[in-house]
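Colleague: Here are the chains, one letter per residue:
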Amino acid sequence: MIEEKIKRLGYELPDAPKPLAAYVPALKVNDFIYTAGQVPFVKGEIKYAGKVGKELSEEDGKKAAAICALNCLSVVKALADSLENIEQIVKLTVFVNCSDNFTKQPFVANGASELLVELFGEKGKHARSAVGVNGLPMNAAVEIEMIVKVK
Amino acid sequence: MIEEKIKRLGYELPDAPKPLAAYVPALKVNDFIYTAGQVPFVKGEIKYAGKVGKELSEEDGKKAAAICALNCLSVVKALADSLENIEQIVKLTVFVNCSDNFTKQPFVANGASELLVELFGEKGKHARSAVGVNGLPMNAAVEIEMIVKVK
Amino acid sequence: MIEEKIKRLGYELPDAPKPLAAYVPALKVNDFIYTAGQVPFVKGEIKYAGKVGKELSEEDGKKAAAICALNCLSVVKALADSLENIEQIVKLTVFVNCSDNFTKQPFVANGASELLVELFGEKGKHARSAVGVNGLPMNAAVEIEMIVKVK
Chain B
0 MIEEKIKRLG YELPDAPKPL AAYVPALKVN DFIYTAGQVP FVKGEIKYAG KVGKELSEED
60 GKKAAAICAL NCLSVVKALA DSLENIEQIV KLTVFVNCSD NFTKQPFVAN GASELLVELF
120 GEKGKHARSA VGVNGLPMNA AVEIEMIVKV K
Chain Y
0 MIEEKIKRLG YELPDAPKPL AAYVPALKVN DFIYTAGQVP FVKGEIKYAG KVGKELSEED
60 GKKAAAICAL NCLSVVKALA DSLENIEQIV KLTVFVNCSD NFTKQPFVAN GASELLVELF
120 GEKGKHARSA VGVNGLPMNA AVEIEMIVKV K
Chain V
0 MIEEKIKRLG YELPDAPKPL AAYVPALKVN DFIYTAGQVP FVKGEIKYAG KVGKELSEED
60 GKKAAAICAL NCLSVVKALA DSLENIEQIV KLTVFVNCSD NFTKQPFVAN GASELLVELF
120 GEKGKHARSA VGVNGLPMNA AVEIEMIVKV K
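Residue numbers (numbering that gives the first Met the number 0), protein chains in the order written: chain B, 0 to 150; chain Y, 0 to 150; chain V, 0 to 150.
All clues given are correct.
Chain copies aren't distinguished; within one or between two, either way the pair holds.
Listed below are the simulated DSSO-like cross-link pairs for lysine-lysine, each with C-alpha atoms no more than 30 Å apart in a straight line:
id, residue 1, residue 2
1, Lys148, Lys46
2, Lys27, Lys46
3, Lys4, Lys17
4, Lys46, Lys122
5, Lys150, Lys4
6, Lys46, Lys103
7, Lys17, Lys148
8, Lys103, Lys42
9, Lys27, Lys103
10, Lys17, Lys103
Quick caveat, the hints were computed from the structure, so don't treat them as lab data.
Given only the sequences and the hints, what does the whole structure look like? Please build it.
Modeller: Laid out in structure tokens, this is it:
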């Protein structure tokens, strides 16, 4: 069970955020779920706020990325009933809020990627882009969007 | 009629831009249309140029995002014959050209998202990422790309 | 033959990079291949490092984009057996590592787009977003991700 693995790793799968007025946390079309960009919200607060390479270390960024990935999974679960119905994590785009001279976006993004592979094995191996940006919503350290194929 | 709604809201659906040499304004593959990134062009000129949080206010950014969304719809229409053939707005990626300390990308992106929901109702509710960037083509305030499912 | 055309244009199709631990260079799902973001690696080194509009000229950026496109093709080939199996280049997202005042991201992105159209003709005409960012992995000048439809 994926959710048990999440707990064994010391994480918690959050409840999916409530749908907002103007857009939805995730959308299912055919067998694919597109998530909205997820930030490192934990119980309604951004756990890692600031720029990686400035206020935050690359280790902070990596932990933030893992939380973003969990938040992506929570909104996927809400549409797929269970994480067991994930057939393949297809694609991640990882936006890292960083200083202009930061170049270790892949290290940060590994916080998400490594967790997904640990949870899903081969089904968790995805294509990925990791880029730096100069600003994110609520000063989040990381924002991640995911495309998932479900049964 | 969606196009009548656009007029009633005080907007104008622009003509789709002419295809350029090296890429196309939108591409249809199976039942999906992927738009190219659209900037706030109005009659051949960028209506909102500059960085949100610096030369431009967040309200300016929001208006720019609405224009980007209309421009996305214009290129979708060119491939789908009519906006009535849109089955679902699937995904928006909203890039906001902003100062390093700007954190209200979702407010800006709502300019696009709220318009789409107003026009399309449930079919307009999409997954969305909103991120800041330090530069956009022709200094546009916003660039938006869209994935749409059509009949 | 596409690979012969690549040589005639003075380029070389690189070997696909080895799969990394946490993610894969490209993923095939149904008839689509999603590439990971590719940087201008040539024989294990970033050929164009730095920010366009600062250390690098827009011409440098354009050349970097062409290399990113070739690297995307190399990882597509690894999954599609042959570049002849490409039915359509669907979508490119081009991230340009640039100074805050750089606005010619489309010029840079044309380095990829023009090459693809030269190689694939109509099949190479894609939707595209080109945006500036303040940082990329290993200080690469450009990062490109691609969605391709294959037979």
